[in-house]
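A.B. asks: Whole structure, please, built from the sequences with the hints as guidance.
Chains as they are written, first to last, in our numbering: chain X, 17 to 174; chain Y, -9 to 280; chain V, 18 to 676; chain F, 29 to 219.
Note that these hints are calculated values from the structure, not bench results.
Please note that the accuracy of each hint is not assured.
Claimed, not checked - Pairs of lysine-lysine, DSS-like flavour, derived with a Cα cap of 30 angstroms:
1) K101(X) <-> K541(V)
2) K58(F) <-> K159(Y)
3) K58(F) <-> K541(V)
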Amino acid sequence: MTFEPRIVGFLCNWCTYTGADLAGTARIKYAPNLRAVRVMCSGRIDPTFVIKTFLEGADGVLIGGCHPGDCHYQEGNYKALRRYKLLKKILPDYGIEPERLRLEWVAASEGDRFAKIVDEFTEEIRALGPLSFGESIAESMSLDIDPHKELEGREEEK
Amino acid sequence: MKYTYYPGCSVKATANLYQDSIDAVAPLLGLELEELEDWNCCGATAYMSVKELMSFAISSRNLALAEPLHRDLVTPCSACYTVLKKTNTYLAAYPELRQKVGKALEVAGLSYSGNVKVRHLFNVVIDDVGIEKISSMVQRNLEGLRVACYYGCQIARPETDLDHPDNPKSMEALVIALGATASYFPMKTHCCGASLMGTEEELALRLCKNLLLNAERNNADVIVTVCPLCQMNLDVYQGKVNKLFGTNFHIPVIYFTQLIGAAMGLPFKKLGLHKVAMKIKGEPKRILNG
Amino acid sequence: MDSEERIGVYICHCGTNIASKVDIAEIVEFAKGMKGVIVAKDYKFMCSDPGQGLIEKDIKEYNLNRIVVASCSPLMHEKTFRKVCERSGLNPYLFTMANIREQCSWVHIDENAATEKAKALVAAAIRRSAFLEPLERREVSINPTTLVVGGGIAGIQASLDLAEAGKKVVLVEREPSIGGHMAKFDKTFPTLDCAACILTPKMVQVGQHPNIELFTYSEVEDVSGYVGNFKVKIRKKARYVDENLCNGCGMCMEKCPGTRVPRKGNVHERLSLGPTSAIYLPSMQAVPAVPVIDRNSCIYFQKGKCRICEKVCERDAINFDMEDEFHEFEVGNIIIAAGFQTFDPSVVIRYRYGLLPNVLTAMDFEIMNCASGSTGGKILKSDGTEPKSVGIIHCVGSRDKRYHEYCSRVCCMYALKFAHLIKEKTNAEVYNFYIDLRCFGKGYEEFYDRLLGEDVRFVRGKVGEITDLAIHPGEQGKLIIRVEDTLIGAVRRVPVDMVILATGLEAPEGLAELAKKCNVSVGKDGFIIERHPKLGPVATATDGVFIAGACQSPKDIPDTVAQASAASSAVLSMIMRGKIEIESATAEIDEERCSGCRICNDLCPYMAISFEEEKGVSVINEALCKGCGTCVAACPSNAITAKHFTNEQIFSEIEGLLQ
Amino acid sequence: MIEKDIVCEAGLEHNFLEEIYSLPGGAEIKKCIQCGTCTGSCPTSYVMDYGPRKIFSLIRAGFRDEVLNSNTIWFCSSCYTCTVRCPKEIKITDVMYALKRLAIKEGRTKGRKTAVLSQTFVSMVNKYGRNHETELMVRYILKAEFFNALKFVTQGWNLLSNGRLPFKPHRIKHINEIRKILKKVDELGEI
Ligand SMILES: Cc1cc2nc3c(=O)[nH]c(=O)nc-3n(C[C@H](O)[C@H](O)[C@H](O)COP(=O)(O)OP(=O)(O)OC[C@H]3O[C@@H](n4cnc5c(N)ncnc54)[C@H](O)[C@@H]3O)c2cc1C
Ligand SMILES: Cc1cc2nc3c(=O)[nH]c(=O)nc-3n(C[C@H](O)[C@H](O)[C@H](O)COP(=O)(O)OP(=O)(O)OC[C@H]3O[C@@H](n4cnc5c(N)ncnc54)[C@H](O)[C@@H]3O)c2cc1C
Ligand code: SF4
Ligand code: SF4
Ligand code: SF4
Ligand code: SF4
Ligand code: SF4
Ligand code: SF4
Ligand code: SF4
Ligand code: SF4
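C.D. replies: So this is what it looks like as structure tokens:
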């Protein structure tokens, strides 16, 4: 049996989630591996969500927000971008390949793009194989991890 | 104030009168100009027309040589100034270029990390010495001399350290501080034809004619310049302009350092003023020669 | 509450839309097995009346306190099902939806995979629902008074609309008179109707309207509060003339020995609409018709002696001791109508504005052309003679990355208007130097067509430079325009007597500060950002703050008036509603946990978070919060909760997805 | 004759655009709005076959020969006036340089005196590390202006009599460095 990656997508309500809906209304077919969590704004996406998702067994995480300048809440997506960059830096500390996390801007009108991204990302993760924490890492890591601690002070960095 | 000095090829040859006056004036202004050891040609406009990477590379060699000295690199030639400055800007802006130039310098045992500030001697005089200080050193009053301040292209464009790229006023301020009068001269940053004089003479002569006409209409006795190429075109070729257009201009073109020197009371010859092609005579000569 | 949750789960077939790809029976069974689920059912069309009825009945029958519907996208029917809950006495925020149509059955081919995914989505929804909490619906009432900032045609129109509807308006204008730019025009394109004839009556009406409280020579000092309940503070600058006493007789201006310091620029800048005395009216049609003393020009203020105006004023209206006054108001809505200013071309040295006389800006020309202006509407060169040729240069300061990248939208048309007026009043040859002629309004192309018939010359090319250096015969004493005629492909030198620079429109000075006070933002171009470029052009991201006229983007009078009326009707609709519901899913800070680091303070795009110095903690104003959650994710102390999107809720959703 | 006036799309070289676009800053010319500020400002445009504006139009339409054979590129004095005025901030002077290089590379320099001078200049710098103005003048005259040699004599005399014409070339000490750099650059390939 081929490996079927499990991917969680955190999608902002106004752009990416609506874009994903549009892919549906347009009946564009794509890989069934991504499951969405709807948040109001990509700015709400807490780094702990991402870490938690990996710990729960996801093989990949997609963050979807509005294109720069289009954020429904003005600039939440810039905040998301900043956190994403920091997350990319700290993921290896948890034994997670940074490629397993991806951020994409998808507009409400870009159903086809959403589908394409899901397909692409699914294949990428498939190629990476299942996420496995080394035994020791998995053991030493309990659920009260707090990426905030890691990020503290770094928020201010641009 | 100590600087690394990059004279450029022209100043060492056809513009040696510029060098004469710099040698005479710089020490009095407190400028220590230490010539860059073994500098090479900046490439000027010509090299850029033939090979781009190479022209950036040879221009960078100078910057690489200057970097360990940790001083501003000062040149009196506007063309060298533009080329060296542009090299800095482009190396910073285009990583691919920076990488290739780095590789080329490496084979010559050199490296450049972009930390040399390139400056024009005119800007150094205005910004570092300051007009106030210069005016306090005036020995000979240049009153009555009407001066057209000609900046030319390359000190003003594409980037500039002047007070304004289109309408700089610092040379006028300097001229006034020296006791002379600054004529209205709106074409102060228009092109004189630059190196086209050597190849497309008629074209360049026409540009010079317009500049000379603008100066004459506004009763300038002399034109003051900051660039060897401008001086050459407007001065040495002035006779040709007259011949081609049937005009009768006689407007000597001198360097700003010569004007400063004259105001400081330095002798005419020491400043190379006798080497100006349109001979300085009559009232202007009386004023400049004291 | 966790232990007592009683969840009802409803799986929709959506005809065959879902059922053909997803094994509904399997999902129902699966749901039944989950913790807290009391009933799990499926139905053909959940959103149909019987479908809704099914839920209502179950809520009562099983005493359900959580509802999960797995069907289409929440963007489609979340509201529908929330209402169902509400009708059954259940808080609407206790409802959860799983999207197994748009994001599942419609997009996947493999039935097994689709069913598996649908299960995960349902599990996530069920798990999440356990953590939901009821949220209160929040409403605020709307104060029926409106603040209008800026008294140009936009502000005038909006104020009159509101006042005529019987609502109170506070209109604040920073100049001594209302009227804005339009008050300085003689004629307006494309119809060439007289600006004064259409504007003056409106200005007078504003001045006299019982529902409008007019503050001229005043500025907005401070704005606080939120939609429906703003508090504004207005600074009324001292004009040294008592508005209640002055009857506008004009004696003071006639006798005043002072002269107003002319604006910077060239000779023509002395052009003026009103009197040039130190005590002056901005124009003879000014509203209010009460003069102002310009301190910088007044002999008394500068040298301590004079006070002639005081002596001649029979009404004792002059008061040299006047000081700035402050007034405070409570208003429900704000309309910003601060207009624009024109680009200052003296930075484009090659056009030599301010250096060569007879190089004018568009506003210089408007003032000169205005019948009540200092030349009596005559078009004259600085030497007092009539020009024989005039060049109008388009796009000065516009469509240029060095200045403003945008097109100013009105200058093509006013340039055509100028050409016509010059033709009408003089015998001059008129040239228009343009890049593109943008004449897209009603009757605009027709106006252009008319101008072509009037022998106006059009040269397509952006002017390189203007010089006074004559080289060719016929250029002596002229301004020479050097330009490439791009259609001919030749460089031309066009000698003219007068040049008019069609200077672009830019955001007026102080707009960014004003915007900030009102909690709205300005864009890269300096103009205020509207809520949506297509569907919300008069609203802003801040509820209760609206925009009208050129402060949103350059626009002509018809568009300005349309937008002003749109803004006033948006405000009226708010007032008529009386109340407005505001977001329930806001964020909340736990004072106990907040470490006072203030990281969140600057993150909020709506400035909803402030710092309480005494307690040393941050607090969120729920009336301003829109629930984006940005602050929540940033708080290092985990002190902020996003209601309806709490960490627990999302964590449990993640767990459900991956269980 | 009639056909000659109509330019057939098939006869144009659309790859030319790509060539220009790939140069540093070259892609900017896509944004040219044909306003003519450059040509209207250019001091030498009145003698050019096509002003800079038209050059961009020709490039975009694929008129490769017309562009590279035009006198325009050789009449550009590098005054940068156009560059600082272009409302789209296109680096026009740099594009002119790029076109010069392309024309030289393809040997389209017949009768282009500026090209000859530039090449002579380059070989001078490669030889000495500096420009030797006297030799440059002599060599250039021999190559390009043989029949006009006389007109240079007056100019030369003018300079000579004013002590402004050196006879000895100045050779930099480490000319080998220049040679090495040159070799490396050739290896790396021009950009
Ligand atoms: C030269 C020229 C000619 C034109 N000709 C025509 C024409 O013929 N036909 C046509 O349809 N359009 C024409 N227009 C466009 C027209 O001027 C505008 O459409 C119109 O003026 C916009 O009105 P407004 O109320 O938005 O702005 P404005 O007229 O600028 O009014 C804004 C008002 O707000 C005030 N204000 C600014 N900031 C503040 C503040 N912070 N606090 C308080 N008050 C403030 C200002 O003092 C001003 O009174 C022309 C424009 C120009 C430049
Ligand atoms: C090809 C094209 C592309 C465009 N692209 C854009 C764009 O990208 N961005 C943009 O901002 N604008 C665009 N527009 C302009 C845009 O379409 C209009 O601004 C907009 O549609 C106008 O909306 P409307 O409601 O006034 O008119 P309409 O969209 O025409 O709606 C009028 C409605 O009234 C109905 N109707 C007509 N007569 C009667 C009657 N007697 N009784 C009852 N009903 C009647 C019609 O059936 C129609 O449904 C484009 C226009 C075109 C032609
Ligand atoms: S201040 Fe007095 S004199 Fe002046 S207009 Fe008013 S009433 Fe007349
Ligand atoms: S006091 Fe001032 S305003 Fe009054 S008359 Fe004298 S100068 Fe004019
Ligand atoms: S409206 Fe016309 S003149 Fe004004 S910026 Fe646009 S194109 Fe230029
Ligand atoms: S008619 Fe349409 S296509 Fe033509 S200029 Fe007007 S807007 Fe453009
Ligand atoms: S970020 Fe958190 S801890 Fe810091 S001030 Fe805001 S609420 Fe308090
Ligand atoms: S949730 Fe968003 S809108 Fe609300 S306070 Fe936090 S950052 Fe501001
Ligand atoms: S100035 Fe710039 S935009 Fe205008 S024609 Fe020249 S290159 Fe094009
Ligand atoms: S740089 Fe060249 S093309 Fe540009 S204005 Fe100067 S001479 Fe003309």
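A.B. asks: State for each hint whether it applies.
C.D. replies: Now for the hints, and whether the structure bears them out:
Between K101(X) and K541(V), the direct Cα distance comes to roughly 25 angstroms. Compliance with the 30 angstroms bound is thereby established for this hinted pair. About 36 angstroms separates the Cα atoms of K58(F) and K159(Y), which puts this hinted pair outside 30 angstroms; it is violated. Straight-line distance between C-alpha atoms of K58(F) and K541(V) comes to about 23 angstroms, which keeps the hinted pair within the 30 angstroms bound.
Comparing the model with each numbered hint stated earlier shows that hint 2 is the single one that does not hold.
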